[in-house]
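S.K.: As a plain string of letters, each chain reads:
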Amino acid sequence: MSVALSDIVAALGGELLGDASARIDAIAPLDGAGPSAISFLANPRYRSQLGSTRAGCVIVAPALRDEAAARGAALVTPDPYLYFARLTQWWAVRTRAALPAGVHPGAVVEEGAYIDPTARVEALAFVGAGAVVEAGTVVGAQSFVGRAARVGAGSRLAARVVLGERCTLGQRCIVHSGVVIGADGFGFAPDQGRWEKIEQLGAVRIGDDVEIGANTCIDRGALGDTVIEDGVKLDNLIQIAHNVHIGAHTAIAGCVAIAGSTRIGRHCTIAGASSVVGHIELVDHVHVSACTLVSRSIRQPGRYSGSFPFDDNASWEKNAATLRQLHALRERLKALEKKIS
Amino acid sequence: MSVALSDIVAALGGELLGDASARIDAIAPLDGAGPSAISFLANPRYRSQLGSTRAGCVIVAPALRDEAAARGAALVTPDPYLYFARLTQWWAVRTRAALPAGVHPGAVVEEGAYIDPTARVEALAFVGAGAVVEAGTVVGAQSFVGRAARVGAGSRLAARVVLGERCTLGQRCIVHSGVVIGADGFGFAPDQGRWEKIEQLGAVRIGDDVEIGANTCIDRGALGDTVIEDGVKLDNLIQIAHNVHIGAHTAIAGCVAIAGSTRIGRHCTIAGASSVVGHIELVDHVHVSACTLVSRSIRQPGRYSGSFPFDDNASWEKNAATLRQLHALRERLKALEKKIS
Amino acid sequence: MSVALSDIVAALGGELLGDASARIDAIAPLDGAGPSAISFLANPRYRSQLGSTRAGCVIVAPALRDEAAARGAALVTPDPYLYFARLTQWWAVRTRAALPAGVHPGAVVEEGAYIDPTARVEALAFVGAGAVVEAGTVVGAQSFVGRAARVGAGSRLAARVVLGERCTLGQRCIVHSGVVIGADGFGFAPDQGRWEKIEQLGAVRIGDDVEIGANTCIDRGALGDTVIEDGVKLDNLIQIAHNVHIGAHTAIAGCVAIAGSTRIGRHCTIAGASSVVGHIELVDHVHVSACTLVSRSIRQPGRYSGSFPFDDNASWEKNAATLRQLHALRERLKALEKKIS
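Residue numbers (my numbering), protein chains in the order written: chain A, 1 to 341; chain B, 1 to 341; chain C, 1 to 341.
Extracted from the complex, chain A is given alone in its bound form (with noise of 0.2 Å):
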């Protein structure tokens, strides 16, 4: 594929430095760019890369226009990284091929499905009695929509997706392959030694624009719902236990594991490896950062962090093995202090 500067700008906006007939083939980071590709600076802490770039066009800020302008074509935007986004979108929807809506002869549907026309059903894929599959879905090859679930408009599951009975997606939501959305909680009453089952009779409810990552998991709740509310978006390989709670726009990285009925506020960030405990809160704007483990409720937005630091691992082992004598520490320096004051 090959566009001209002025497509990109009629259809995106922002101002044109430059020769709006040269053409560009590719989308490309400021030290990967060649002359016919496009690229942007987000960070004022690469602004070095402007002079040693190769990019045919360069996406930048006002700050930036004169600058950027001396070498060559540039588009300046009052939010460089944002109009990069938007870019790739639309680069997204001119390269890949369109789909044809309808029902794959290979995929199966059970009577008293809805699926709507213009939705697509791939090879292989699923879907129960009672399911609806609204417009200009896409339901991907293997997948599996469960009785009286429901994949809200222009919503897309990947191949490989679960999506279980009675749980639903709201509308222009992403799912990635492997994700289980509605598998049982983790519930049981102990019995004499042995586990009893909680049968877990909700649901779970996913809101509009959601992104969910590959193999991330999303219990359904024990009597009420697991609920993701809308513009979340969710990394891979994450654990969502039964009865949690996640407020919009909140975004959480990879292998992160929450556990059961916490409720995460709106506005949040919570970074990779992280962990939050059960039946907690935390507040709309907070932020956690990596390998934390969360393990009491916050009650005020800001940055929170716990992991361990890392070291060579001779000093790692000389700073473990007095960590496990800190208490005796402490106390030894208490009494230094008595016996000097």
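Source of the hints: derived by calculation from the structure; they are not laboratory data. Keep in mind that this is a model prediction, so the values were computed, not measured. Do not rely on the hints blindly, as some may be mistaken.
Since the list gives no way to pick one copy over another, a pair counts as held whenever it fits inside one copy or between any two copies.
Unchecked claim - In the DSS-like style, the derived pairs of lysine-lysine whose C-alpha atoms are separated by at most 30 Å in a straight line are: (1) K334 to K318; (2) K339 to K318; (3) K318 to K338; (4) K197 to K338; (5) K318 to K197; (6) K197 to K339.
Given the coordinates of chain A, work out where chains B and C should sit on it, guided by the hints.
M.R.: Just chains B and C now, kept in the frame of chain A:
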């Protein structure tokens, strides 16, 4: 669905106080229950909710009999939480559609597989030659039962489960979507900077009444088998490496990793996001807290922990920086003690 | 299956001491081996087991030749563990049924896909238009090979693998069930409290002789590709984010997370449950211990660690509480030092 309180007592026992003909159409937590819901009070901490709940009936322990009866119908039983668990099971049986036995025409069953006539093999499932699918089982849509594998009587594979070649599942097990039983363990011999594969010749043997959560993996043994004993409950996204042995009635929460050849005792619990290194042993009745790395064998029952306490980011940064000098601090303290004494 | 010791030596070399016609029907660890099993002694720590094992033959290093021969048949070779690895491979070839090539009638192959006549495409698999499935490969049951993807010669996808659109796999790779290669990376631009998707336009490129464990995810790149070089071994439930680059012959254990754009060197090892933040670099021959967060680049080969030492819960509680005052303790120590000097 709506039932009379008398129906519940007839099925599950307990002493009913109040109007036995009152009708119930939901099970709900105390704080969300309406007049037609039944709820339960298992934790004495929530006793105060007995005054405010609108539940039509509350399941309580004998100690709360009078208090509960004063506000409306009550169901008295020695262990309300266990009663609640059994109620959910009874409820599930009544509300879930019974699905007919038989092999879906869109499933693929190889010659030489045995499918009991009372088993149900759903659409797009695969059952390999020599596999045995016993009475009353369900092999969910798009699930895979490898050659010579066995699904024990009354077990249920959800949609899109993999039970590998020669692996066996006991009776009344529940395996959730995305589970992979019997992938190769991670075994390689170093050879001049390259890795030479050690073929994994063992299998996975799983006992009765085991439940396995979504996207959990249990690898086959290198030579012998990986073994999961009766009554074990595994949550989602757990990694069980080759030749691990997990004792009966142990429960493991989400995102736990157990490395190869480790032996976990009976009646243990391991909280979420913890890890256990390989080639060690944990005795019976060991309880591991969340986010703990168990780096050596545990010979005594009890609770073990090892997570880093989280904090606001500024406090954490100061403490984490100091932590890297911990050994030096100890030496300074020692020197000071020497000087003073 | 039963083989003579002479068969093994004929195939794999080594010096045989004892009766070459003795028959072997299993490979087993020293402590579990019976008289018809062959075992190996790779770690000198287990030397004492040589006296007690009932194995019919033991693979040993030259240093143990006499000791081993004194107790029965022995196979002498410079690297017993490597010999054992090759023996398992030879064993697997002899015991596993050879499966015929060809496309199962229940598979779905789109027009324009190329399937080599020596490849095997199993039941309910999907191969998209423009995909290339090379000679001697296996595409397992219910697996998905996206449009324009490539499966290199001799590679094997287990059941239920996803190889996404345009992603490529080298030769002789093994990909286990549940793996997702080529889901979208996690990329969003903030826009007034919402997240705007950055379409992931790159792909995943995987070298030769790579093995990928169950339910592991490797995301496609945002602009360029995510790259896994030759000989890399990945265990289960690993998250490899977009634009990560992993050097040849690096091995990564279960439940590790590598964040976006990070570059891992060659011949590295990363132990289980560790994480590596994004946009950093680890040089060749770096070894990371279990449960470690690598939070900055590592410029020197060596071993690095960062896990919190676990303890019985009471000790941990005291030390963890003190840890939160660590900075203050340091200040108190400093004050004391000042006072005294």
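S.K.: Take the hints in turn and mark each one as holding or not.
M.R.: Results for each hint:
Taking the shortest alpha-carbon separations for K334 and K318, both the intra-copy value of 23 Å and the inter-copy value of 15 Å come in at or below 30 Å. For the homomeric pair K339 and K318, the shortest alpha-carbon distances inside one copy (28 Å) and between copies (23 Å) are both at most 30 Å. In this assembly of identical chains, the alpha carbons of K318 and K338 lie at most 30 Å apart whether taken from the same copy (28 Å) or from different copies (21 Å). Neither within a single protomer nor between protomers do K197 and K338 lie at most 30 Å apart by alpha-carbon distance, with minima of 56 Å and 60 Å respectively.
When the C-alpha separation of K318 and K197 is checked against a cutoff of 30 Å, the pair qualifies neither within a copy, at 45 Å, nor between copies, at 36 Å. For a Cα distance limit of 30 Å, the shortest separation of K197 from K339 qualifies neither inside one copy, at 59 Å, nor across copies, at 63 Å.
Going through the hint list in order, the structure does not satisfy hints 4, 5, 6.
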